[in-house]
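J.: Chain residues, written in single-letter form:
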Amino acid sequence: MPQKRGKPSYAKKDAVWGYLFVLPAMILIAVWIIYPMIFAFRLSFMNFKYLTPEKARYVGFANYIRAFSDDTFKKALTNTFKYSLIVVPVQTIISLLLALVCNSRIKGKTFFKVAYYIPSITSALAVGTMFKFLFNQQGIINRFLSNFGFHSVSWFEDPSYALPLCMIMAIWSSVGGGMILFLAGLQDIPSSVIEAAQVDGANGFQRFLKIILPLLRPTIFFAVVTGIIGTLQVFDQAYIVSRGSGGPLDSTMTVVLYIYNKGFRTTNANMGYPSALAFLLFAIIFTLTLIQKKFFDKGAESY
Amino acid sequence: MNQNSSKINMSKVIFYIITISYALIAIMPFIWSFYSSFRTPEDVNKINISFKNLSMMNYKYIFTNLPIGRYYLNSVIVAAIVTVGNLLINSMAGYAFARLEFAGKDIMFMIVLGIMMIPGQVLMVPTFVMLSKLNWLNSFRGLTIPFLFSSFYIFMMRQFFMSIPKDLEEAAFIDGMSRGGIFFKIALPLVKPALSTQAIGLFIGNWNAFLWPSLIATKKEWFTLPVGLGDLEFRYFSFQNQVMAGTMCLTIPIIIMFLVLQKYIIENSTTSGMK
Numbered sequence: 000m001p002q003k004r005g006k007p008s009y010a011k012k013d014a015v016w017g018y019l020f021v022l023p024a025m026i027l028i029a030v031w032i033i034y035p036m037i038f039a040f041r042l043s044f045m046n047f048k049y050l051t052p053e054k055a056r057y058v059g060f061a062n063y064i065r066a067f068s069d070d071t072f073k074k075a076l077t078n079t080f081k082y083s084l085i086v087v088p089v090q091t092i093i094s095l096l097l098a099l100v101c102n103s104r105i106k107g108k109t110f111f112k113v114a115y116y117i118p119s120i121t122s123a124l125a126v127g128t129m130f131k132f133l134f135n136q137q138g139i140i141n142r143f144l145s146n147f148g149f150h151s152v153s154w155f156e157d158p159s160y161a162l163p164l165c166m167i168m169a170i171w172s173s174v175g176g177g178m179i180l181f182l183a184g185l186q187d188i189p190s191s192v193i194e195a196a197q198v199d200g201a202n203g204f205q206r207f208l209k210i211i212l213p214l215l216r217p218t219i220f221f222a223v224v225t226g227i228i229g230t231l232q233v234f235d236q237a238y239i240v241s242r243g244s245g246g247p248l249d250s251t252m253t254v255v256l257y258i259y260n261k262g263f264r265t266t267n268a269n270m271g272y273p274s275a276l277a278f279l280l281f282a283i284i285f286t287l288t289l290i291q292k293k294f295f296d297k298g299a300e301s302y
Numbered sequence: 000m001n002q003n004s005s006k007i008n009m010s011k012v013i014f015y016i017i018t019i020s021y022a023l024i025a026i027m028p029f030i031w032s033f034y035s036s037f038r039t040p041e042d043v044n045k046i047n048i049s050f051k052n053l054s055m056m057n058y059k060y061i062f063t064n065l066p067i068g069r070y071y072l073n074s075v076i077v078a079a080i081v082t083v084g085n086l087l088i089n090s091m092a093g094y095a096f097a098r099l100e101f102a103g104k105d106i107m108f109m110i111v112l113g114i115m116m117i118p119g120q121v122l123m124v125p126t127f128v129m130l131s132k133l134n135w136l137n138s139f140r141g142l143t144i145p146f147l148f149s150s151f152y153i154f155m156m157r158q159f160f161m162s163i164p165k166d167l168e169e170a171a172f173i174d175g176m177s178r179g180g181i182f183f184k185i186a187l188p189l190v191k192p193a194l195s196t197q198a199i200g201l202f203i204g205n206w207n208a209f210l211w212p213s214l215i216a217t218k219k220e221w222f223t224l225p226v227g228l229g230d231l232e233f234r235y236f237s238f239q240n241q242v243m244a245g246t247m248c249l250t251i252p253i254i255i256m257f258l259v260l261q262k263y264i265i266e267n268s269t270t271s272g273m274k
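Chains A and B are the protein sequences, given in the same order. First residue of the first sequence? That's 0 in numbering that gives the first Met the number 0, and the numbers climb one at a time after it. First residue of the second sequence? That's 0 in numbering that gives the first Met the number 0, and the numbers climb one at a time after it.
Just chain B, same shape as in the assembly (with noise of 0.2 Å):
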């Protein structure tokens, strides 16, 4: 009996050492390019943890050197307009292929499905071509316009709209509101957690972008954070400090908002993942 509990407790901390050693695989390397993103050239690789030396001065060099403010507009206005854009485009797209009937609606769904395999890398060079020609390289309209819907969170907010009950959208129909009505006042409000579901991971997932802002976003102006960092990156590598201040500009907005919602986005996404 003594023996059994001693050993129920050995696993035990076996368990705790490797749960936390695996959560500080996680945040130590924010935790370390955060301090280092404070320390001289000569500190930043030094393994011995020093809080004198530090300054803001990386900061200071960067903000001063690169349109970092501009970066930081330019990836604020994409994001939040991509992400209205989406929130209303997919819910009224999800709302029609759940609710409503119309001729054409069998092929329309199994096309958004269709897409959702097609890996975006196909159509670099044609939209490139395509967004040259229109002369949208270098605006908002390139960085926006072309990622204003995904079949993902159609397909995700068709599955919503058609997991509620009908009833009072169908009660509001006999009062006479009109479809435009029951969806913007009755439906949408039903259906709030796959919208914060959706407004999260766009905004995270658009803030985050390189590939296509990189390909869109030729002149400094118009970069947005990740592309701004991928150029200070490409350009200042001799000086790791600055970089990590650069990758700090990129992540602690991300990470706070996270911090602030968390309990949101990671109760959202294990309720409603996969349904």
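Only chain A is shown next, with the shape it has when bound in the complex (with noise of 0.2 Å):
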């Protein structure tokens, strides 16, 4: 576009200036993301082992073909899922309610702003090593719980509650974070919408349902396809709950977790395997990204 006094030599001085201003950036990507991520794709082609690089050879898909026969994949690629659904509506109905809360005539609105925050700018590791210490079995939650008459339970040595307490940690550290981006959404509604509402003599939670709930739409979205793509990707809850081990019994293996096991606490293992692994994962956040931007487009007009 030609600027309104702008004369050629302006134009081309800018065109120095913004290669100049993408440069850093470019040359960056192109290292540590185009790069590595063709390296990755012929790597998942082949058979190639870390202490050995010169014996090195193409194998085709069998990389691929293995992830299909491979069980404690097909084990994580399971809990990874069962994680996803449990954590992401879970986890963005209590954002809600959380922005609801702070956006309301609430006394101390700052403090429990902040209370709610906290958790969501600690360190993954740091939720987890506390969880763990909080859930032991001579633990305080089981203290507490067995004033109710429940037995201790070994939170994360028994297969059937180590997952769900990941699910926990991770709800419980990422609700504030939701909740910010709510309450920004939130803010956007103009007031006279709701005030109009209120004259028309709408309740509280009939103004909620017809109302916020539609005008919310594209946060919402915005937060599931977020959420999704996030808890596909998780490591840090299960590496710490498992010592990263993926125990007991895998039942805390993620697609992530099982992935850097295999590309890095294997020795000498075969690079291509993780590899091909990765690019599965890909394709799947890559798939559910593209169904719900349909929907979110979807969502966005009606808007």
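Keep in mind the hints are simulated off the structure, nothing from the lab. A few of these clues could be false.
[Unchecked claim] Calculated Cβ distances over 12 Å to all of chain A for the following chain B residues: (1) Lys-59; (2) Ser-90; (3) Asn-207.
[Stated by the list, open to error] Once the Cα atoms are required to be at most 25 Å apart in a straight line, the calculated SDA-like pairs of lysine to any residue come out as: (4) B/Lys-45 / A/Asp-157; (5) A/Lys-12 / B/Leu-86; (6) B/Lys-132 / A/Met-36; (7) A/Lys-108 / B/Ser-195; (8) B/Lys-191 / A/Met-25; (9) B/Lys-262 / A/Trp-171; (10) A/Lys-81 / A/Met-25; (11) B/Lys-218 / A/Trp-171; (12) B/Lys-132 / A/Asp-157; (13) A/Lys-108 / B/Trp-31.
Beta carbons: idealized from backbone N, C-alpha and C, even for Gly.
Both chains are sitting in their own frames, so use the hints and assemble them into the complex.
T.: Rendered as structure tokens:
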């Protein structure tokens, strides 16, 4: 676009500055994203051992085919989907409720906002160590629950409780961030719309259902999309609960943890295999994102 | 009428009970962990609260047996370099995409947006191989250089630069100021809120980062705090009080920073999060 008072020399100079300004970012992207991406793609068709790179050879789709008969990978995939299916809706609903609370005429708003948000700025690793401590067999949660007649549970050594514990951790630490997102969405709703409904005699619940919720649709979609992408890549919680093993009995083995184990915790592993797994995960996330984008666009249209 | 107002009060009471309960759920784990980090191994799981027998013993133990000072130093250096580097690189790129005209701009911008969809795990194996070939494992170069940009923040900065009026920049242009001068002296000061959002997000994110640093730093002297905490947890789990002391070393600085800047952080993200 020619500028209003633009002389050609301005435009030329601008182009030089333009390249100068994008150069650092583009070089970094090329070296640390695009090149490794191509590298990983090639690797996924190879048998490549880190200690003996000279013996690397192409194996076609063997790594991908291997994934389909790998029971641990299937288990990891199931766990990851289960985790995502529970964590995303629960965290979205709690985040929305917290945002509504902080947006209402509540006393001590700042205190509540700060309290609700603090878990979200904490390292997943620290959340993990704290929860392992609170939920250990002799820990305070079990002692507390025993007051109500519950048996003490070894939360992270019992295959039926370890994954739910990961989910609790994830939800606990993510709802603060979601709340902030919804607060932004709520603040974009013009107060005149809500006041009009009030005048028309709509009560709080009706206002929420008929006005606030539809207007928040784009934000909800955004929260769900990013939630699904994030949960499918769950690593930290599962790593800390199982000390990296994915145990007990693979009950906390997630896809990314499995990729990590296959790539970095196996001596002289075939690096091609975890690369293939990573691309399978990428394909899943990419497909889900596209599907959701369709929904998202629809949601945005009706907005 | 009377009945009605008592109904309102009842619902108000229930409302406050729920909001306060959730606030307790959110902060009690920190308070209990903090308290436990001063307890003895015998007391650490006791439910009763007493302030006898509390000591700095656990902190003393981990500070003398682990190079925690070195972990702190590494974490601060890495987070500072990554934050400053990102601020500069993302802002420059965002400005170019918002204001400057050059061939290939649209394609480059599409690339920036497109790579946001790539999950980091795809890149784990090749990046590790690259870093080890470069001999960058266990070095500040390896811990910082691959993380000096963020497509998310490039995109955010572009949106911010597009939203500020051009008049001042055009006036400076006519006065003969160079683009570089305009960027640093005029445009950047106008997007201070975006810069602080970026700085806080990057610093917290890097301070907390675990997966990548744990791949790159394999030797103790290069551990950042989260990697060190993972290591402590891994080896000393039976001494929960010591693990809690380590956990506090990692979380307290970031919580203090948050409490000091909370007004800024929450307001910035509610006004600029989605735009």
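J.: Each hint needs a verdict: does it hold in this structure or not?
T.: Here is how each hint holds up against the structure:
A cut-off of 12 Å between C-beta atoms confirms that B/Lys-59 is not in contact with chain A; the least separation is 19 Å. For B/Ser-90, the condition that its CB be more than 12 Å from all CB atoms of chain A is violated, with the nearest at approximately 9 Å. The claim that B/Asn-207 is not at the interface with chain A is violated, since a C-beta of that chain comes within 12 Å of its own (minimum 4 Å). At most 25 Å may separate the alpha-carbon atoms for a hinted pair to count; B/Lys-45 and A/Asp-157 meet this at roughly 22 Å.
The suggested pairing of A/Lys-12 with B/Leu-86 holds, with an alpha-carbon distance near 24 Å, which does not exceed 25 Å. Under the criterion of a C-alpha separation no larger than 25 Å, the hint pairing B/Lys-132 with A/Met-36 is consistent with the structure, at around 17 Å. Distance check on the hinted pair: A/Lys-108 and B/Ser-195 sit about 23 Å apart at the alpha-carbon level, within 25 Å; holds. Between B/Lys-191 and A/Met-25, the direct Cα distance comes to roughly 24 Å. Compliance with the 25 Å bound is thereby established for this hinted pair.
Restraint check for B/Lys-262 and A/Trp-171: the C-alpha separation of about 22 Å stays at or below 25 Å, so the hint holds. Annotation: proposed proximity of A/Lys-81 to A/Met-25 is violated, straight-line Cα distance about 38 Å (limit 25 Å). Pair hint B/Lys-218 plus A/Trp-171 does not hold up; C-alpha atoms about 32 Å apart against a cutoff of 25 Å. Note on B/Lys-132 and A/Asp-157: the hinted pairing is violated, with a Cα-Cα distance of about 41 Å set against a maximum of 25 Å.
Pair hint A/Lys-108 plus B/Trp-31 holds up; C-alpha atoms about 24 Å apart against a cutoff of 25 Å.
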